Amino acid sequence: MSERILIVGAGTAGSVLANNLSEHLADEIDAGDAEIVLVNDTEEHVYKPTWLYVPFGEKTPADALRPLDELIDRRIDLVIDRATAVDTDAKTVSFAGETGELSYDHLVLAMGTSVSPAETPGLAEGGHHFYGPDGATALREELASFTGGHLVLSVIGNPHMCPVAPLEFTLMADDWFRNRGLREDVDITYTYPIGRSHGIRSVAEWADPIMEERNINVETFFNPDRVDPEAEVIHTVEGQELSYDTLVAIPPHEGSDLVREAGLGDDGWVDVDPNTLEATGAEDVYALGDVADLPTSKAGSAAHYAAGALAKRLASVARGDVPTSEYDGKTVCFIESGRDEGTYIAFDYEEEPTPKEPSRLLHWSKLGYNQSYWLTARGVL
Amino acid sequence: MSESEIDADVTVNAIGSSCPGPLMDLIGKVKSVDSGTVIRLQSSNDQTEGDVDEWAEESGNKLLAVVDHEDHQDLYVEVT
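Residue numbers (this note's numbering), protein chains in the order written: chain F, 1 to 381; chain S, 1 to 80.
If you're looking for bench data, these hints aren't it; they were derived computationally from the structure. None of the values given here were measured: they were computed from a predicted structure. One or more hints might be untrue.
Derived, one-sided and incomplete: chain S residues facing chain F with beta-carbon distance under 7 angstroms [as the list claims (entries may be wrong)]:
| hint | residue |
| --- | --- |
| 1 | Lys31 |
| 2 | Val33 |
| 3 | Ser59 |
Yeah, the Cβ is synthetic: ideal placement off N, Cα and C, and Gly gets one too.
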């Protein structure tokens with residue numbers, strides 16, 4: 001009897017997992033002993049880090065897209081549909097379209113997350129963001145016409161996708177305005193919810209002197225609870241008010257109703273064992289990527305490495321072997337510190353990162369990786 | 001201070017969350033409750049007590065007590 005591994009979501013986590021599994025289980029799939037079904041709600045894979053470059057006119061939203069059927073191995077059954085419910089007792093997933101219902105032997109949830117500006121009153125009307133094609137495009141238009149005033153980058157949602165993106169955007173904006181000869185007319189403020197400029201202490205210690213050197217104002221313990229779009233003022237839980245001319249927010253992120261309703265996580269993130277990635281609320285259910293409640297960043301890199309570990313684990317399970325592969329929290333993130341220099345950090349559950357000296361070479365390494373990412377999605381790199 | 005001396009109105013379970021998760025979970029709850037509410041924040045992260053202490057002072061809320069357990073701490077915060 002064939003073991004069906006059902007993967008919901010074909011972002012970085014789901015695509016890398018499916019392709020790695022297809023390689024590990026090629027013989028079993030060919031023999032009819034295993035089956036990989038990958039379901040996604042669109043026909044295209046989205047590489048979200050591309051959006052960071054859109055506001056500065058260096059990429060377009062189309063650059064983030066590739067057809068899934070070009071990335072996914074032929075041994076994988078690719079289904080385009082939207083999952084609506086999981087029944088962990090019956091071991092089935094329901095879908096909105098003609099797929100109807102699929103049973104599973106092993107289920108992997110990898111639906112990612114999305115932003116929810118509406119959670120903060122006034123933010124949708126008064127702020128911009130770059131976490132999506134529409135938001136990034138609107139921000140590009142805003143920045144193109146912004147010739148002077150107060151630009152505020154405010155981290156409101158946490159956890160959020162890509163832990164270093166807020167710092168990257170701020171440093172890239174500083175560089176961008178300098179290159180356009182406008183920096184003297186632009187004040188830049190970066191705000192963060194806790195008492196330092198980044199959740200990872202060593203990253204905050206790396207960023208602080210750079211911010212000071214570039215005359216970027218940093219506000220900490222800054223938690224907006226509403227935005228007044230007409231007055232262009234941010235109000236915080238701490239009782240502060242901050243005026244802005246252009247607000248770029250890292251909006252609140254939302255978990256999944258499907259996860260809540262399936263009893264897999266009260267906040268919409270799947271409660272999992274951080275090493276095995278098994279859901280704590282049901283058997284034979286796993287979670288990968290942003291939808292998993294892991295003690296690490298919601299980063300594509302974390303999803304990539306976790307997918308590699310889970311692929312080995314699930315391949316063992318499908319063969320009837322004892323699984324030994326575990327995820328250790330490994331994450332590697334490039335950080336743009338301008339538009340032509342960058343650095344990177346590498347860390348895991350135990351070790352804090354140490355950012356390297358920014359360089360042009362590391363910036364080009366990031367751009368190079370952004371191109372070779374398509375090999376990562378194929379499970380090659 | 002013993003746990004029985006404080007009655008929490010609401011509990012936020014952030015056990016297992018990495019920094020700054022527990023403080024962010026607390027702030028998220030503060031946004032949705034009334035003044036006078038006592039929140040019990042449960043955390044197993046060793047940086048949480050310092051983070052919450054600093055934030056409470058900055059924001060004018062009160063860190064009433066911290067109770068140590070074998071695998072986590074309960075931090076009682078009164079919203080002002």
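Hint numbers contradicted by this structure: 2
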